[in-house]
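A.B. asks: Residue numbers (our numbering), protein chains in the order written: chain A, 1 to 340; chain B, 1 to 340; chain C, 1 to 340; chain D, 1 to 340.
Read the hints as simulated data drawn from the structure, not as lab findings. Please note: incorrect hints may appear among the correct ones.
What the hints assert, rightly or not - Straight-line distance between alpha carbons at most 25 angstroms, and here's what the computed SDA-like set of lysine to any residue pairs gives:
id: 1; chain 1: B; residue 1: Lys6; chain 2: C; residue 2: Arg50
id: 2; chain 1: A; residue 1: Lys5; chain 2: A; residue 2: Arg16
id: 3; chain 1: A; residue 1: Lys330; chain 2: B; residue 2: Glu335
id: 4; chain 1: D; residue 1: Lys6; chain 2: A; residue 2: Asp82
id: 5; chain 1: D; residue 1: Lys6; chain 2: A; residue 2: Leu268
id: 6; chain 1: D; residue 1: Lys330; chain 2: C; residue 2: Arg50
id: 7; chain 1: A; residue 1: Lys330; chain 2: A; residue 2: Glu297
id: 8; chain 1: B; residue 1: Lys98; chain 2: B; residue 2: Glu297
id: 9; chain 1: A; residue 1: Lys5; chain 2: D; residue 2: Ala23
id: 10; chain 1: D; residue 1: Lys5; chain 2: A; residue 2: Asp42
To be verified - One side of the interface only, derived from the structure: several residues of chain D facing chain B at Cβ under 7 angstroms:
id: 11; residue: Ala236
id: 12; residue: Gly266
id: 13; residue: Thr267
id: 14; residue: Ala269
id: 15; residue: Val270
id: 16; residue: Glu271
id: 17; residue: Gly272
id: 18; residue: Ala273
id: 19; residue: Pro275
id: 20; residue: Phe279
id: 21; residue: Phe280
Here the structure is a predicted model, which means the values were calculated and not measured. C-beta atoms are modelled at their ideal positions from N, C-alpha and C, and glycine is treated no differently.
Protein chains: 4
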Amino acid sequence: MTAQKKLNIALFGSGRIGRVHAANLAAHPGVNLAWVADPVVDSAREVAGRYGARAAGTTDEVFADPSLDAVLICSPTPTHVDLIRAAIGRGIAVLCEKPIDLDIERVRSCAADLAGNTSQLMMGFNRRFDPAFAALHRRVAAGEIGRLEQLTIISRDPAPAPAAYIAASGGIFRDMSIHDLDMARFFIPHIVEVTAHGANVFSDYVADAGDFDSAVLTLRGGDGELVSITNSRHSAYGYDQRLEAFGGQGMLRADNISPTTVRSFGTLAVEGADPYEPFFLERYAAAYRSELDRFIESVRTRTPCSPGFDDGMAALVLADAAAESAATGKTITVEGALQK
Amino acid sequence: MTAQKKLNIALFGSGRIGRVHAANLAAHPGVNLAWVADPVVDSAREVAGRYGARAAGTTDEVFADPSLDAVLICSPTPTHVDLIRAAIGRGIAVLCEKPIDLDIERVRSCAADLAGNTSQLMMGFNRRFDPAFAALHRRVAAGEIGRLEQLTIISRDPAPAPAAYIAASGGIFRDMSIHDLDMARFFIPHIVEVTAHGANVFSDYVADAGDFDSAVLTLRGGDGELVSITNSRHSAYGYDQRLEAFGGQGMLRADNISPTTVRSFGTLAVEGADPYEPFFLERYAAAYRSELDRFIESVRTRTPCSPGFDDGMAALVLADAAAESAATGKTITVEGALQK
Amino acid sequence: MTAQKKLNIALFGSGRIGRVHAANLAAHPGVNLAWVADPVVDSAREVAGRYGARAAGTTDEVFADPSLDAVLICSPTPTHVDLIRAAIGRGIAVLCEKPIDLDIERVRSCAADLAGNTSQLMMGFNRRFDPAFAALHRRVAAGEIGRLEQLTIISRDPAPAPAAYIAASGGIFRDMSIHDLDMARFFIPHIVEVTAHGANVFSDYVADAGDFDSAVLTLRGGDGELVSITNSRHSAYGYDQRLEAFGGQGMLRADNISPTTVRSFGTLAVEGADPYEPFFLERYAAAYRSELDRFIESVRTRTPCSPGFDDGMAALVLADAAAESAATGKTITVEGALQK
Amino acid sequence: MTAQKKLNIALFGSGRIGRVHAANLAAHPGVNLAWVADPVVDSAREVAGRYGARAAGTTDEVFADPSLDAVLICSPTPTHVDLIRAAIGRGIAVLCEKPIDLDIERVRSCAADLAGNTSQLMMGFNRRFDPAFAALHRRVAAGEIGRLEQLTIISRDPAPAPAAYIAASGGIFRDMSIHDLDMARFFIPHIVEVTAHGANVFSDYVADAGDFDSAVLTLRGGDGELVSITNSRHSAYGYDQRLEAFGGQGMLRADNISPTTVRSFGTLAVEGADPYEPFFLERYAAAYRSELDRFIESVRTRTPCSPGFDDGMAALVLADAAAESAATGKTITVEGALQK
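Same shape as in the complex, but just chain A (with noise of 0.2 angstroms):
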C-alpha cells in the first residue's frame, strides 16, 4: 500500500444508517471523514465528535468547503434530489442512500438535470455488496450455473416498521421490495415486467394505512427469465434474506448467516443453530464496508460508479409497476418504462 491523499467526505444525516457509515468512512484508511451534518446538530456533533470530524447543521457549510471530495447522502428521502443536484452541480461525488426518490416524476426530473453527468454518483443498493451475493453473482456471470433461468428471493423484515415510518414509506413495494428488485437487476438487468400480489396477514397498522404486510412478485427477464420475490415484514427467527439462482446446468444458493457456527443438540432437536443476524445493520456490515471501498476506489480512479443513477430509478420503476399491479390485479409491462 502506497500512502495517497486521503479523500475529504462529509456525512449527510446521522441517524441509524449514517452511523454505520460514519463508524466504516473513520475506519478507512483512504478516507478523511471531514464534516457530519444533520439539522439536528446534537447529533451531527455526537457523531463528528467520535471521530473528530467538524458538525454542521445545514449543508451549505459543508458545500462552502473547496477541498470537499465526496458525499454520503444517509438524510431523509424527500431530500435526496437536491442534494445529488447540488453535490454533483460542484463536482462532488455522491454515495445515495436508496431511493432517489418516491416519486418517479421527482428522479426523472432530476435525471433530466444531471444530463448524464452521473459517472461519480452511486446508488446505497448494498445487497450488491455482501460477500455472498457478490460471490454467487460472479459465478453466475462465469457461467457456474449455465444460462441463467430462474431466481428466487425471500425476503423477510424481522418486524414491521413503526405506523409513522409506513405512512412516509411509499408502500412496501417502494420500501422494502425495492431492494429486492434491485438484486433481480443484479442478475437481469432486462426486466420487461413486473406482477405482484399484496396481502395483509399480521398487521392491523400497517392495514389501517393503507399498505401490505406481505407480497409475492413474479418478474419476467427478457431471455425468458423468472424471477420470484417473496416478502414480509416480519419474521419470528430474524432478518431472512435469501437467493437462489437457477440455471441449466446447476443452482447456486445463499443462505442466512447465523452469528457463529455454534449447532446444539439436545432432546427436542438437533442441529439448531443460533437466530440469524437480527437486521440490516448486522446482517449487511460487511456490505456496507465493501460497498464504501467500491465508493471510494470509482471515486479515486473517476472510473463509473455502479449501481449508479440509472439503476436507482430502474428499482423504483419496478416498485411502481408492483403497486400497479397489486392494485389492478394485472401483470405491467415496463419495457418501455426502463428505455425512457
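Position chains B, C and D relative to chain A; hints supplied.
C.D. replies: Frame of chain A; chains B, C and D shown alone:
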C-alpha cells in the same frame, strides 16, 4: 397385529407407476394382489407372474370377479373416468392416479354420475404422504408456526418428458404443476386466486408443442395466504422437491433428500452431498407405501378416503386457471369455480 | 428376476433383534422362513405365526429338518458357538449376531473345531451394511480421499442398558465398542495397537458393576493410520453414530440420520432438525435388510461370506486389548494376537 | 463511549503474526501504536510507517520510552522469557504469543523470577477468543448441556510448515497440539492424564526431523472427563478447526467456517460449500481482534489477564507429557506437574 381378511385388489396398468404399486401391494400384509390388467397382455403377465396374481387383457374380466374389494387405476389418463364409474358403480373402492381427466367437463360429468358416492375413492396425490411433507403438515396444523401466511414450493423435474408425452400431457400446469397445486391445497384448501407465468428457456420441442418448460405460479388463499410455486422441466442436480411454510411464529422447511448422509471435503468444495434422488419413483418411494397404507385402512374401516374426488377436481380447476392466467396475463379468480 | 428356489431358513431367537430379522426374512423374495425357535415357546409361536413359519422350543427340532439351508442365530451370546458348530457341521449356512462369544478361548476353540470351514458363516456386524458407511467405504476404497490416514468414530447409545444386561455384557469394550472396532477393521483390517481409556461420569449402577459408562479408544493401523473412537452409554439427543475418514486428498463424513428433512426456524434456534433415530433398530433398519440380502446372495452362490468368523474373532481380540489397556494404562500391541 | 487516554503500545516482531496485531492495534480506538521493533529494521520500518508508529531495531530503545503502557511480544519463541521479564519488571503489561518457551525449565525459572507478578501478562491463546468457541464455552459454563463429559477436538493445518520451521518447532505436540491442549484446559482446567500417539503418514521431511506429521491425544480431566484430540499437519480441504462438547443433557458443536454461505448444486454433488478459510490468519481474524480487546480492557482496568502465565505453563506441561507418552507408549500422569 391380529389376522384380518386380506383385501382382494386389482391393478389396472402395468407401466412405470403401476409396477411401483404392484411391488407395494405384494408386500402389504393386508392385501392379496388378485389381478393385473393391461391391454399389453405380456406386460400384465410379467407383473402378475412376479407376484402370483392373475393377468388380464381387459378390465371387464377383472370386474367379473365378485371377490374384488378395490382397484388401483394406473392406466392412461383418458381411461380414468370410465374406470372410476365402473368400479364405484359396483361398490368397489378405487385408488386412482392423478389426474381424474385433463378435461374439466368430463370430470364434472363424472362427478354428476357419482352423485357424491365418492367416500371410497382416493386420488393418488402421493406427495401428501411423503414423510417430510406429511410431518410438516401435521406441525403446521398443530400450530407450531402460528397462522400460516406464506407457502413456497419449488418443484423441478430432472429432465423433460419426451415430445410424445408432452403433446398428450395437457401442458405443464395440468401435468406437472398440478402436484404443487394439490400440495398448496393440502395446506390451504381454500384457494381464491391463481396467477401463472410460463416461459420457454431451454427446450425447443416443448416450445414447439405450445407448452412451457418453466413456470412460476402465485396463489392467494381465502385468509390472505400467498403461495409461490416455481417449476422447471429440468434440473441439473436431480429431482428438486422442496416446501417452506412460513407463519407468524416461525417457519418449517422440507428439503431434498440425498441417498445417504455422506458428505465430501476436497480442495474445490466442502460438505458436498450426494446428488438428490433422481426422480419421483425414488424420491417418493416411502410416500407411495404410505399412501397405500392409508387407502387400505380407509377401505378396511369404510371411512372416507382423502385426498378424494373433490381434491382431484379442485387441482384441475386450479391448473386450468393457471393455464388461462398464463395465456391472458391476468389473475384468475377461482373461488366460484371451486364451489361448483 | 427369474424364479429361483427359495432358501429354507430358520431363526434362532425371537427377541428384539430376532424380530427384526424375522420381518426381513418374511419380506425377502428369496427366502422361506421355515422355523422360529426359542426356548420361550410362546414367543417363538407368536413370531412364527405372524409369518406362517413353524415354531420350535429347541434347536434340535429345527436341525432335524433336512431341507434347512441356513440359520440366523439371534439367541443369547453363550449359545452362539455351539449353534455355529452344530450348523456348520451339518453344512448349514449361518448368519450369527455378534459377538461369537465373550471368551476368546472359547472362540479359538470353536475356530479349531471349524478347521477353516467358515466360508458360509457370516457375522452380523450390521453397520458395515449401513448405506452411508458402505458408500463411504466404497469411496475410500476407490481412492477418492487418497491414502487413508485418520479415522474418527463417534458412537453413543441413547441410554445405558439395564443393570442385568450390563452385568452379563462383558463390559463396554466387548459389548459396545466392539461394533466400532469392527468398523475400524472394515476400513483398516490390519490393526497393530490398541489404547483405551474408560471413565464413569453419569451412571452409578454401571460403575457398581465394575464397568465404564464412557470410553475413548485409539488404534494404530499397520500403515500408521490412527483411529479415534469415542463412546458413551448415553446421549440426550438420540443414538449418535458418526464416522469420518480423513485421507491425503480429502475427507468423507457420514452423519446421523433424522427421520425426515424437516427443519424448524423459531425465535430461539434456526435450522433445527428432528431428533435422530432413537436406537439401532431404527437407525440400522436398512443395514439389517442389506446384510440379509448379502448373506442370501453368498449362500445362494456359495461364495464366501463377509464379514466372517475371523472378523468376529479379531473384533473380540481388539476389545480384549482395549479392556486390558484401560485396566493397565498401557498401549497393547495386538499384531501377534490377530495373526493367531 | 467516553474519551479515554489511549494506551501506548509497542509491538515486538513484525512478521506474519506481528502484522496481524499491528493492523488490529492501529484500528483499535483505545490504542496508540507507538513502536514497532524488529532486528530486521526494514521490516520494522515498513510496518511502523504504515501506521504512523516509530521503528526500532532493538527492544532497549523501546523500553527506554517512559510512556509505554504495554507490549505485544510476537518475536521468535526463544526471546519470549527475557522480554517478559524486562517488561513485567518495568511494570509494563504484556500480551505474549504462545508458547512462553519450548523448555519447561526456562519457563519455571521465569515463573520464579516473576514471583506471582503476572496479573498484567496475557498469553496469546487466540482460539479462546474465537466467537464460536467462546460462545460454546459460555453455553457449557451456563449449564446448557449439563455436566461436561467428553470433548472432541479436531485440528488440522492446511500444510506442514517448511523443514527449517519444523526443526525449531519443538515438535508437533509443543508447536501444534499445544493450542488444542489449551482449548481442552479452557473447558476442563484440571487435566490429570495425557496419552498421545504420533504417526508419520505423508511427509518424509517431518519424519526425517524426528517429528510426527499426525497425532491423536487423549486427556482425562479430574472429574472423569475424556478429551480426544486429532491432529494432522495437512488437510486437503483447508484449515480444519472443530470442537464438540458433549454433556449429560446435550451436545454443542462448532464447525469450520466457509467465507460465504454460498452452496452449489450440480450433477456430481449438491449443497457444496466453498473451501474453508485457508489458515489461522483468516480463520481466527475475529479472534485476534477480540483477544486484543480483552487485553486492552484488562490493562485499562488493571484486572487480571486471562489466559495468563500459568495457562501458558500448563499447556507446555501437557505438551511435554504428550511427547513423553508418544515416545514411551504410556499414559502420563500430570496432576502433580500442573500443581507445581
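A.B. asks: For each hint, tell me whether it holds in the structure or not.
C.D. replies: Structure-based check of all given hints:
no.: 1; hint: B:Lys6 x C:Arg50; result: holds (14 angstroms)
no.: 2; hint: A:Lys5 x A:Arg16; result: violated (29 angstroms)
no.: 3; hint: A:Lys330 x B:Glu335; result: holds (18 angstroms)
no.: 4; hint: D:Lys6 x A:Asp82; result: violated (41 angstroms)
no.: 5; hint: D:Lys6 x A:Leu268; result: violated (49 angstroms)
no.: 6; hint: D:Lys330 x C:Arg50; result: violated (56 angstroms)
no.: 7; hint: A:Lys330 x A:Glu297; result: violated (43 angstroms)
no.: 8; hint: B:Lys98 x B:Glu297; result: holds (20 angstroms)
no.: 9; hint: A:Lys5 x D:Ala23; result: holds (20 angstroms)
no.: 10; hint: D:Lys5 x A:Asp42; result: holds (24 angstroms)
no.: 11; hint: Ala236; result: holds (5 angstroms)
no.: 12; hint: Gly266; result: holds (6 angstroms)
no.: 13; hint: Thr267; result: holds (5 angstroms)
no.: 14; hint: Ala269; result: holds (4 angstroms)
no.: 15; hint: Val270; result: holds (5 angstroms)
no.: 16; hint: Glu271; result: holds (5 angstroms)
no.: 17; hint: Gly272; result: holds (4 angstroms)
no.: 18; hint: Ala273; result: holds (5 angstroms)
no.: 19; hint: Pro275; result: holds (6 angstroms)
no.: 20; hint: Phe279; result: violated (14 angstroms)
no.: 21; hint: Phe280; result: violated (18 angstroms)
Of the numbered hints listed earlier, those contradicted by the structure are 2, 4, 5, 6, 7, 20 and 21.
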